[in-house]
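Novice: What follows is the residue order along each chain.
There are 2 protein chains.
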Amino acid sequence: MATLSQWINRLLLTLCVGYLTITYPLVGHAENDGSGRSVILFIGDGFDDQHVTMGRNYLAGQAGMLSLDTLPERSAVQVETVSAGGQPLYVADSANTATTIASGVITNIGRVGTAPDDTDTLSIAERASAQGLRTGLVSTASVTDATPAAFVAHVEKRGCENPTIILGGERYGQTYSGCPQDATDNGGPGSIAEQIATSNIDVILGGGRQHFETKQSGSTKTVIDLATARGFSIVTSRKALFTTETNKPVLGLFADEHLPVKLRGTDNRTAEPPETSLLHSLHPYLGSVEQPAVMDCEPNPNFAQAPDLATLTEFAINRLSNPAGFFLMVESASIDKQSHKRNPCGSIGEIAQLEEALNVALQYAARHPDTLVIVTADHAQAAQIVPEPSLYNSITVPVYSPGKIARINTPEGGVMRVNYATNNFVSEEHTGAHVPLFANAPAGVELPPFMRQRDLHQLMVDYLNL
Amino acid sequence: MATLSQWINRLLLTLCVGYLTITYPLVGHAENDGSGRSVILFIGDGFDDQHVTMGRNYLAGQAGMLSLDTLPERSAVQVETVSAGGQPLYVADSANTATTIASGVITNIGRVGTAPDDTDTLSIAERASAQGLRTGLVSTASVTDATPAAFVAHVEKRGCENPTIILGGERYGQTYSGCPQDATDNGGPGSIAEQIATSNIDVILGGGRQHFETKQSGSTKTVIDLATARGFSIVTSRKALFTTETNKPVLGLFADEHLPVKLRGTDNRTAEPPETSLLHSLHPYLGSVEQPAVMDCEPNPNFAQAPDLATLTEFAINRLSNPAGFFLMVESASIDKQSHKRNPCGSIGEIAQLEEALNVALQYAARHPDTLVIVTADHAQAAQIVPEPSLYNSITVPVYSPGKIARINTPEGGVMRVNYATNNFVSEEHTGAHVPLFANAPAGVELPPFMRQRDLHQLMVDYLNL
Numbered sequence: 032m033a034t035l036s037q038w039i040n041r042l043l044l045t046l047c048v049g050y051l052t053i054t055y056p057l058v059g060h061a062e063n064d065g066s067g068r069s070v071i072l073f074i075g076d077g078f079d080d081q082h083v084t085m086g087r088n089y090l091a092g093q094a095g096m097l098s099l100d101t102l103p104e105r106s107a108v109q110v111e112t113v114s115a116g117g118q119p120l121y122v123a124d125s126a127n128t129a130t131t132i133a134s135g136v137i138t139n140i141g142r143v144g145t146a147p148d149d150t151d152t153l154s155i156a157e158r159a160s161a162q163g164l165r166t167g168l169v170s171t172a173s174v175t176d177a178t179p180a181a182f183v184a185h186v187e188k189r190g191c192e193n194p195t196i197i198l199g200g201e202r203y204g205q206t207y208s209g210c211p212q213d214a215t216d217n218g219g220p221g222s223i224a225e226q227i228a229t230s231n232i233d234v235i236l237g238g239g240r241q242h243f244e245t246k247q248s249g250s251t252k253t254v255i256d257l258a259t260a261r262g263f264s265i266v267t268s269r270k271a272l273f274t275t276e277t278n279k280p281v282l283g284l285f286a287d288e289h290l291p292v293k294l295r296g297t298d299n300r301t302a303e304p305p306e307t308s309l310l311h312s313l314h315p316y317l318g319s320v321e322q323p324a325v326m327d328c329e330p331n332p333n334f335a336q337a338p339d340l341a342t343l344t345e346f347a348i349n350r351l352s353n354p355a356g357f358f359l360m361v362e363s364a365s366i367d368k369q370s371h372k373r374n375p376c377g378s379i380g381e382i383a384q385l386e387e388a389l390n391v392a393l394q395y396a397a398r399h400p401d402t403l404v405i406v407t408a409d410h411a412q413a414a415q416i417v418p419e420p421s422l423y424n425s426i427t428v429p430v431y432s433p434g435k436i437a438r439i440n441t442p443e444g445g446v447m448r449v450n451y452a453t454n455n456f457v458s459e460e461h462t463g464a465h466v467p468l469f470a471n472a473p474a475g476v477e478l479p480p481f482m483r484q485r486d487l488h489q490l491m492v493d494y495l496n497l
Numbered sequence: 032m033a034t035l036s037q038w039i040n041r042l043l044l045t046l047c048v049g050y051l052t053i054t055y056p057l058v059g060h061a062e063n064d065g066s067g068r069s070v071i072l073f074i075g076d077g078f079d080d081q082h083v084t085m086g087r088n089y090l091a092g093q094a095g096m097l098s099l100d101t102l103p104e105r106s107a108v109q110v111e112t113v114s115a116g117g118q119p120l121y122v123a124d125s126a127n128t129a130t131t132i133a134s135g136v137i138t139n140i141g142r143v144g145t146a147p148d149d150t151d152t153l154s155i156a157e158r159a160s161a162q163g164l165r166t167g168l169v170s171t172a173s174v175t176d177a178t179p180a181a182f183v184a185h186v187e188k189r190g191c192e193n194p195t196i197i198l199g200g201e202r203y204g205q206t207y208s209g210c211p212q213d214a215t216d217n218g219g220p221g222s223i224a225e226q227i228a229t230s231n232i233d234v235i236l237g238g239g240r241q242h243f244e245t246k247q248s249g250s251t252k253t254v255i256d257l258a259t260a261r262g263f264s265i266v267t268s269r270k271a272l273f274t275t276e277t278n279k280p281v282l283g284l285f286a287d288e289h290l291p292v293k294l295r296g297t298d299n300r301t302a303e304p305p306e307t308s309l310l311h312s313l314h315p316y317l318g319s320v321e322q323p324a325v326m327d328c329e330p331n332p333n334f335a336q337a338p339d340l341a342t343l344t345e346f347a348i349n350r351l352s353n354p355a356g357f358f359l360m361v362e363s364a365s366i367d368k369q370s371h372k373r374n375p376c377g378s379i380g381e382i383a384q385l386e387e388a389l390n391v392a393l394q395y396a397a398r399h400p401d402t403l404v405i406v407t408a409d410h411a412q413a414a415q416i417v418p419e420p421s422l423y424n425s426i427t428v429p430v431y432s433p434g435k436i437a438r439i440n441t442p443e444g445g446v447m448r449v450n451y452a453t454n455n456f457v458s459e460e461h462t463g464a465h466v467p468l469f470a471n472a473p474a475g476v477e478l479p480p481f482m483r484q485r486d487l488h489q490l491m492v493d494y495l496n497l
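Chains as they are written, first to last, in our numbering: chain Y, 32 to 497; chain C, 32 to 497.
Check the hints yourself; a few may be wrong.
Each pair may be met inside one copy or between any two copies, as identical chains are not told apart.
Stated by the list, open to error - Below, in silico cross-link-like pairs of lysine to any residue (SDA-like), each with a Cα-Cα straight-line distance of 20 Å or less:
1. 372 x 315
2. 279 x 289
3. 246 x 271
4. 246 x 209
5. 372 x 245
6. 279 x 260
7. 252 x 148
8. 252 x 149
9. 279 x 160
In short, the hints are calculated from the structure, not lab data.
Computed from a predicted model, the values in this text were never measured in an experiment.
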């Protein structure tokens, strides 16, 4: 039983913590420079600490720094996921994590803007829009892909991207049940594309044109028609982007699916399995192993088919900047997608794109100090930097990764070896490490050195006074 | 001019902060006891962000926090390594990284306290000792292992741990050239054990007794005799530790090699390869796969044979605490060693040990505010948390890691799947991600959010005014 002094202590503690919490909230109130507060949130999909280091080693050199390394705040963000039965799962996907960052709600893998009980979550973009702030979503993926979708749409499954697939059918050669309860046929809000087309988001830029060219169920009209009726300017080329009407919301669709990536491996090579000699098949300690040949990262010739991420980010910021403030999410999506494909040059190019877009945002924040700029990842990914040569190179038995290896010449004259070995399948698995977070430090913001993704959501909501 | 309500606010704030500081000194500023500044540096060997998250998920739960998560400062530390030819290498070992942390010098893999040109580096422990600060090294590895060795010894190769092996011979079934130029026979400073025995370190605790029981070259005397002649109290049991003379330096050797670890997998199981059906050998899309059975983490029955890390840390701090200040390095070594062996329960137990020892240090720092407490890793490691079940579980082909898998029941009712797949050999490879750093925030210390290991060295040197 607690003593009287323990009770008094508890009472004083409660009063003090309550007082301090009210007087000094996590995010304080800075002096306003006349404009409203804004948040620019960068999500590097799969951009974990291995990928950040890969990007630094290649783009800035082992002793160099990325732009994000110069940001004054750094934190680690724990990813939280639950199974349908409510048990903790230790590895996430982009759908459930984007839902948590967008809404603060922990949910199931594959869910977009819905809680485990299928109720709709409320995203920070939706809250900001309702309070008169402008909002934007930019991605190098299809704008219907999980990360941007979770800020604007609400469906049971991330695959329900257009009015056809939402009703189910075949997908990747498998039977797909779709999200019939979300379909307009059944009184639902429709597919992700339809929900984007009827949303209040001011700027939506990325890929995914095919999903908007799909006809609505029982209609001759496409989702593009729906978006146009709603008032969106539809743009599909870099040129059109800069001639679009300035008083209308913009839906930019620059590729059928995801935007082309900036870099690729020599001759489009990705990671390959080390090759062992015939003798090695007799005993693990016999024979020899040959590692895949070294490759360079070279420009992807298709890259110029769409605007780059920095251009899209600059366009979005220019459109969104206004006295009331704005919320903008910018995703470099293919860090993850290229890691699934075991293509480290692909991922590195998308890290370069994130850096270039970040520089645009930081230049804006320098002129508009009430702008919180955050860079984080949604989940960790498969790639690992491994020793070149092996730490066991002097041992006279063949040593090699059981997975697939890429050896990349770096501009500073090193060779960076990257291992992909989470899966035998055509696509690597995500991994479960917490993810990094980098931020500028506008007045009144102090980031805790450790948080959960739902804390990140709350921090942005508090900063925008939503 | 402040309004009345502002004055009241300030008064309430002052009272609250005063109350909380007195009641909860851990989070506030205790009174300075007049002692000089001290540094307690924790190195979790291989303790990268995957391992930190593994530890958090198991020990605190997915939504929980480790003690190190509560520390107010967080940074990422880039690891730098060069080849013998001076080219950047993107993956390190514990010898070259400990040398960089200890001395600020970037060097080659395997080097202990020596630069690439084989000149001796000067460690922070040696500098501190020369300036009248007490110094200590504590490790769960042999005290001659690379990490503690780099703070006190100077040899070409980390394997030169005792007077026999330094002359070369056979090691792990391979011809070993040793470090003849460092041997006393050739006018060198001797093996790592001999250099420890003749050092000015005040407290050295860990394993490695066998290296000290080795006779010196051309002598009937062992390295223990050398250490005794130098004035060390030699202790080899927990009991002896607490009865040793208080006015003598202490060399504690509690195991022949490394100290026993705290946890292990059920029935000593480690990660195992998934098993595929016969049909699967015909085509990758045919047949089925069986993942290894789930295991628990259970106490290692041998753990009590040596003192635990928290006990050693507490002993060291008590011995070192003095008005001039001290430098103490504490290594939880087997996070890495168990990861090499694909034993996640082993690593998790050593993370628990690091946490317990950190709590001892933080309690000391609460009473002695001029104490900088840092937790970092030397390099990243192989373990990856992967999805349970696979993200591709609904695909009707067998999907599985090409490496080895452990599936661990967590106390909160989840199953954490850990993948080891950097190597086909008996030991996994290190990986190349930058490593995390956590620190308390004593007055006068502001940590940059990004640094290199040589910057970490400089930060500690500056803090101690060396």
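Novice: Now, for every hint given, state plainly whether the structure supports it.
Specialist: Hint-by-hint comparison with the structure:
1. 372 x 315: between (28 Å within a copy, 17 Å between copies)
2. 279 x 289: neither (24 Å within a copy, 69 Å between copies)
3. 246 x 271: neither (24 Å within a copy, 82 Å between copies)
4. 246 x 209: Close inside one copy (16 Å), not across copies (74 Å); limit 20 Å.
5. 372 x 245: neither (27 Å within a copy, 53 Å between copies)
6. 279 x 260: within (12 Å within a copy, 86 Å between copies)
7. 252 x 148: Classified as neither: same-chain Cα gap 32 Å, cross-chain 74 Å, threshold 20 Å.
8. 252 x 149: neither (28 Å within a copy, 75 Å between copies)
9. 279 x 160: Intra 15 Å, inter 70 Å, cutoff 20 Å: intra-copy only.
In this structure, the earlier hints numbered 2, 3, 5, 7 and 8 are contradicted, and the remaining ones agree with it.
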